[in-house]
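Engineer: Mind assembling these two chains? They're in different frames, but the hints should get you there.
Chain residues, written in single-letter form:
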Amino acid sequence: MDTQSLIAAGIVLVTLVIFALRLARRKPARGCGHDCGCGKK
Amino acid sequence: MHALPPTPSTIALIGNPNAGKTTLFNALTGANQKVGNYSGVTVELTSGETFTPHGKKLRVLDLPGCYSLRAPSPDEQVAVDALHGHLPGYPKPDLVVCVVDASNLERHLQLALQVIELQLPTVIALNMVDMAEKSGLRLDPAKLAEELGVPVVPLQASTGKGVIELKQALRFPFPTAPAALWATGDGDLEAARRAFIRQLCELAARRPDAHQLTRSDQLDAWLLHPVFGGVAFLAIMFTVFWGIFSFAKIPMGWIEGAQGAVADWLRALLAAGDLRSLLVDGVLGGVGGVLVFLPQIVLLFLFIGLLESSGYMARAAYLMDGVMARAGLSGKAFLPLFSSYACAIPGVMATRTIGSAKERLVTIFIAPWMSCSARLPVYFLIIPLLLHESEGSWKQALVLFAIYTLGTLSAFAVARVLRRRLGPDPAAHHFMLELPPYRLPQWGYILRHVLERAWSFVAKAGTLILGLSILLWALSTYPKCDGDATAALAASAMGRIGRVIEPVVKPLGFDGRVGTAILTSFAAREVFNSSLAVLFRVDKTADKKATRNSLRERLAAARWPDGRPLFTPLSMLSLLVFYIYALQCLPTTAVVAKEAGSWPWALGQFAFMSGFAYLAALVIFQGGRLLGF
Numbered sequence: 009m010d011t012q013s014l015i016a017a018g019i020v021l022v023t024l025v026i027f028a029l030r031l032a033r034r035k036p037a038r039g040c041g042h043d044c045g046c047g048k049k
Numbered sequence: 215m216h217a218l219p220p221t222p223s224t225i226a227l228i229g230n231p232n233a234g235k236t237t238l239f240n241a242l243t244g245a246n247q248k249v250g251n252y253s254g255v256t257v258e259l260t261s262g263e264t265f266t267p268h269g270k271k272l273r274v275l276d277l278p279g280c281y282s283l284r285a286p287s288p289d290e291q292v293a294v295d296a297l298h299g300h301l302p303g304y305p306k307p308d309l310v311v312c313v314v315d316a317s318n319l320e321r322h323l324q325l326a327l328q329v330i331e332l333q334l335p336t337v338i339a340l341n342m343v344d345m346a347e348k349s350g351l352r353l354d355p356a357k358l359a360e361e362l363g364v365p366v367v368p369l370q371a372s373t374g375k376g377v378i379e380l381k382q383a384l385r386f387p388f389p390t391a392p393a394a395l396w397a398t399g400d401g402d403l404e405a406a407r408r409a410f411i412r413q414l415c416e417l418a419a420r421r422p423d424a425h426q427l428t429r430s431d432q433l434d435a436w437l438l439h440p441v442f443g444g445v446a447f448l449a450i451m452f453t454v455f456w457g458i459f460s461f462a463k464i465p466m467g468w469i470e471g472a473q474g475a476v477a478d479w480l481r482a483l484l485a486a487g488d489l490r491s492l493l494v495d496g497v498l499g500g501v502g503g504v505l506v507f508l509p510q511i512v513l514l515f516l517f518i519g520l521l522e523s524s525g526y527m528a529r530a531a532y533l534m535d536g537v538m539a540r541a542g543l544s545g546k547a548f549l550p551l552f553s554s555y556a557c558a559i560p561g562v563m564a565t566r567t568i569g570s571a572k573e574r575l576v577t578i579f580i581a582p583w584m585s586c587s588a589r590l591p592v593y594f595l596i597i598p599l600l601l602h603e604s605e606g607s608w609k610q611a612l613v614l615f616a617i618y619t620l621g622t623l624s625a626f627a628v629a630r631v632l633r634r635r636l637g638p639d640p641a642a643h644h645f646m647l648e649l650p651p652y653r654l655p656q657w658g659y660i661l662r663h664v665l666e667r668a669w670s671f672v673a674k675a676g677t678l679i680l681g682l683s684i685l686l687w688a689l690s691t692y693p694k695c696d697g698d699a700t701a702a703l704a705a706s707a708m709g710r711i712g713r714v715i716e717p718v719v720k721p722l723g724f725d726g727r728v729g730t731a732i733l734t735s736f737a738a739r740e741v742f743n744s745s746l747a748v749l750f751r752v753d754k755t756a757d758k759k760a761t762r763n764s765l766r767e768r769l770a771a772a773r774w775p776d777g778r779p780l781f782t783p784l785s786m787l788s789l790l791v792f793y794i795y796a797l798q799c800l801p802t803t804a805v806v807a808k809e810a811g812s813w814p815w816a817l818g819q820f821a822f823m824s825g826f827a828y829l830a831a832l833v834i835f836q837g838g839r840l841l842g843f
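Top to bottom, those sequences are chains A and B. Following this note's numbering from start to finish, the first sequence increments by one per residue and tops out at 49. Following this note's numbering from start to finish, the second sequence increments by one per residue and tops out at 843.
Chain B extracted, bound-state conformation (with noise of 0.2 angstroms):
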């Protein structure tokens, strides 16, 4: 008879935000979960695996950050359900291995001191061990086990030292629960907590007596500074986008160069025909119209990775503080509409963070708002048709900070009217920022990172964009018809759509094509691109070099019937702003209704967007002919 295989013992991390829960999770499962110099980062429990130096299998629970055990807020209510075994396929964990940030024990120990109390065998992780020595901190990690009476283990999960330590701290049997020895009097259990912290560090951390300025003081003074501050911000957002246009022009140009490359390889291959026009105008031009904007995207996540790798998005939210109090939200909406610049999702699940219920319901309303990055491929497609190139990077680039930032202010003016509509919080919640120290970026994880996110991105366009391609040039290839390629696309289904269409998108500056394209782009906000390389396709010309023109080139000359071109500043501005506006996402709609417990709240919001778009680019184009542009 064999024995059942026992059940991996289960280990949960826990510590205050941005304590490293994530970079030790990592270290100790080899797993690649989003990390970030700041808090607030983990807003959901993630599970791996981890083996003990004997082999043994441990099932490893990373918690979302908590300053205590009463939970104020969603994401802290997850931790402390998993720290009593109340979460739904979780069993109530073997060992806590609390997690504390050597640099700022006094905070951090508040909770550990928590965890102890609920009489659960523990493990202290002594993080960040390296700063704390750096910032004069003299620490005595076998005082510190001595007087809590658990185990404690200084390392340095960023760099992997310490890991192994604390894996043999982790073996069997598991340190028995200490006893609470502050815990034992009568009286106030915080103050009893707070003395035992003072007595506790006094002896096993111990600093220097005059407090001496960090590099990270010395900075601050600058980047935190009332006006300084402001504008380092701004140069520091305005860097970003430049960089974005400038470093990108030589890879787009290779990919273009290979694009075309293939695409004449094709038209040798092939004599013309319904296969040829598939493959060049169809894939390669729909595909390709989505990939070219790869290196762009690249540098957005490398430098979105840079800042919050380096602790700058931590001050970011603390500058941002009184500018969110006017939007009637607290700084801590900032990050989740921050990370809602790379994607609305992981931005709408971020206000887990958030205390207050109707601060949260407003800062998932305004998410989609900030403009993420599947609206990117549509900007960097006409943002050089407004401005060309030899007009200057930085010219491109502003136009780009100016469509961010009436997305984000938009976003505040509405948020103000929801929240004033919603009334006050029924109890005051206070606003904690953690200012961690600055930090050299972690190049290996935002390199996997940036890497994952390029991989999603090129993954996307060979699946979901390369079928919708293929679909695409079947509507406007479809129903045949003898005689030009003109007379072929307004005889196919698109061009029929694009007639029922236009009459709509007329008053926004746009034609039946390009109604169609935007039609077609809220299966997917970049499908806009392909489907305009559909719709504008070069075909069966004698001019080779015409072929290889880009699709910008081939927007730049496309013409009304009566000549007049199509594509005028007015109406690509008309198009810009519709896209700032538009919610054409209907995954972040699924996730809207799941965390705001609402379908009707999700619809309301893709209603107001849409309808809101429609308006603010109609005000645009009519606006505009109005003052004679």
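So here's chain A without its partners, still in its complex pose (with noise of 0.2 angstroms):
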């Protein structure tokens, strides 16, 4: 495996190890603009 395949899955495996983690900290959103892009907080 070369240097570019070796960071290009290491920079998946923390996309995912990111992604695992804010799954399993997810709070019930409350108001409006976490994930609508509407922005109002």
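Source of the hints: derived by calculation from the structure; they are not laboratory data. Any given hint could be a false lead.
[What the hints assert, rightly or not] Under 8 angstroms between C-beta atoms, here's a sample of chain B residues computed to sit facing chain A:
| no. | residue |
| --- | --- |
| 1 | V476 |
| 2 | L480 |
| 3 | L483 |
| 4 | G487 |
| 5 | D488 |
| 6 | R490 |
| 7 | G681 |
[Said to hold, decoys possible] Simulated restraints, written as ranges between beta carbons of each label pair:
| no. | chain 1 | residue 1 | chain 2 | residue 2 | range |
| --- | --- | --- | --- | --- | --- |
| 8 | B | A472 | A | A28 | 44 to 50 angstroms |
| 9 | A | A32 | B | C695 | 31 to 37 angstroms |
| 10 | B | A472 | A | L21 | 28 to 34 angstroms |
| 11 | A | L31 | B | I469 | 29 to 35 angstroms |
| 12 | B | A704 | A | A32 | 31 to 37 angstroms |
| 13 | B | D478 | A | L21 | 24 to 30 angstroms |
| 14 | A | A32 | B | E379 | 50 to 56 angstroms |
Note that this is a predicted model, so its numbers are computed, not measured. The beta-carbon is built from N, C-alpha and C at its ideal position, and this holds for glycine as well.
Structural biologist: Shown next, in the form of structure tokens:
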């Protein structure tokens, strides 16, 4: 496996871990703007 | 021994809808809560902090607007509960600031008298005195204060004039609870209030004898005209869509240029390999495929801000009342539905202004069919494929206008059916609409609000979309196989998913790649663009110009294995129709469940809209083919 492939796989792995952690920590959204892009907090 | 710091006193801002409570709240606390020149903008209680001129901290509550303390709708109930100290986490207010529109004193004082009757220390904030005086009203705040028995502070919350004087009126000790002089007799309290207000206005708010036609009245003669009003409404909406396409071209070109330059720089810096592919095709292609539409999003919110701030929104609600009635809804449903064009979530929450529970449920059900801003990147990608720029921006604007119209009319048709099935209300609910005077736009607020929305869009692109783009790239890359780009994609996880999905989406005119992109967009609609950017990537080409091609050009060149173009006008129409109807927003489903108080209602809405989107796209594509397109 070359360096580029290793780094790319590492980035994908880190992203997966971040998504998994965020999903595990997710709290019920209150109000609006958390995921919908409407900006009002 | 140290004394515990005293709990900050609580001040509640109450008033009729569109009296300027939130503008005053922002001026007092330095917050940037959404304001608008129409009623029903605030549907939730908001809390902030301010300081008296002597440095004492005060907690300020911005309550939803209400016409009386009898509270027929959920948002008004919040205001009434807050005044009585019945809201969990909020104590009974130590002082009530009753915000009153000086130019509508007779109506706004009705609520002020009811608040005074509660025997709570009260201050009257006489807002918009400039507008009132321009209309010829001669105000005497000192006389008002004397007759009501409470301090009256004239102010202009939008410019901050009089806010210092109001803060001085909030100093300790708070004014004592006044006696309600009009409520001493045993007769009809409503009639006593009306008589007192009439007498008060004769003394402290005199109008010149002859009624003067204000500039707003003159404008309304045209803009609310039964025929010209409708024409003006359509013309304004079309101008908004045309403006979005016309003015966004130049900044979009800059973003695309910058994206191309960064891609070229990365290609020069890194040899061909996975990291280069991840950065160029995954990150830059995925995030760029969404970010390039930032100028259009900014323009849309700028136009919405202008309409809200000028006072035209209330006129639009008035004009639409007749149309809404045909759908079994009242004009009260218009503003929540219009809010849903920006985002369905605040739209669903704004239905709290609707008194009828059945009408509210129906409005919540149809709100996601008002095309929200998250759908725009998909529309902006497909419409220029359907109609090239050389055809003219007005034609593209017409297609966008038709998309919004189709979503809205379909929503009204569903509302009509649902409203009939739910049956009539046990009690009549009347629609009362405030028609505020036209005002010059509050540029500071509009620009802050547009920046907030733009930042939210960029932040989403830089977090959720970035993460998903990386994962999509991984899915389209692993497991790896030797061979050209097409063979590698076919062997990847994404290629396999595409093959599973293709039989389901082929009747709609899409191949497995488009089907996969649709599937990924259930996480967030904009991810559709990112997925297409990853799935239709151009790599390892000797033609440098080809690598600079925009996603749109790559889609235009996409083919079925037999060489037929993948994106035909019919398949693109089918795709647009699918996105008009599909409910691909999990936060919206969660908010619908909360507001409707029913998960089955929210899940039923999701299933209905997804199924309807599929069927509508199927009818368009297969019908079009049968007709020979």
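Engineer: Can you let me know if the beta-carbon spacing of L31 of chain A and I469 of chain B is within 29 to 35 angstroms?
Structural biologist: The hinted range 29 to 35 angstroms holds for L31 of chain A and I469 of chain B, with Cβ atoms some 31 angstroms apart.
Engineer: Cβ-Cβ distance between A704 of chain B and A32 of chain A: within 31 to 37 angstroms?
Structural biologist: Given about 34 angstroms between the Cβ atoms, the range holds.
Engineer: Is it true that A472 of chain B and L21 of chain A lie within 28 to 34 angstroms of each other by Cβ?
Structural biologist: Hint holds: Cβ distance 29 angstroms, inside 28 to 34 angstroms.
Engineer: The hint names R490 of chain B as touching chain A; please verify it with the least Cβ-Cβ distance against 8 angstroms.
Structural biologist: holds (7 angstroms)
Engineer: Interface hint check: G487 of chain B, Cβ to nearest Cβ on chain A, cutoff 8 angstroms. Holds or violated?
Structural biologist: holds (3 angstroms)
Engineer: Looking only at beta-carbon atoms, does the pair D478 of chain B, L21 of chain A fall within the given range of 24 to 30 angstroms?
Structural biologist: Cβ of D478 of chain B to Cβ of L21 of chain A: about 28 angstroms, so the range 24 to 30 angstroms holds.
Engineer: Does L480 of chain B pass the interface check with chain A, least Cβ-Cβ distance below 8 angstroms?
Structural biologist: Constraint on L480 of chain B not satisfied, violated at 12 angstroms.
Engineer: Does the beta carbon distance between A32 of chain A and E379 of chain B stay inside 50 to 56 angstroms, or does it fall outside?
Structural biologist: holds (52 angstroms)
Engineer: Take the shortest C-beta to C-beta distance between G681 of chain B and chain A; is it under 8 angstroms?
Structural biologist: holds (5 angstroms)
Engineer: Could you tell me whether the CB distance from A472 of chain B to A28 of chain A stays inside 44 to 50 angstroms?
Structural biologist: Taking Cβ atoms as reference, A472 of chain B and A28 of chain A lie about 33 angstroms apart, which means the hint is violated.
Engineer: Return the status of the interface hint for V476 of chain B: holds when the least beta-carbon distance to chain A is below 8 angstroms, violated otherwise.
Structural biologist: violated (17 angstroms)
Engineer: Take the shortest C-beta to C-beta distance between L483 of chain B and chain A; is it under 8 angstroms?
Structural biologist: L483 of chain B check fails; min Cβ-Cβ to chain A is 12 angstroms, beyond 8 angstroms.
In terms of the numbered hints stated before, the structure departs from hints 1, 2, 3 and 8, listed from lowest to highest.
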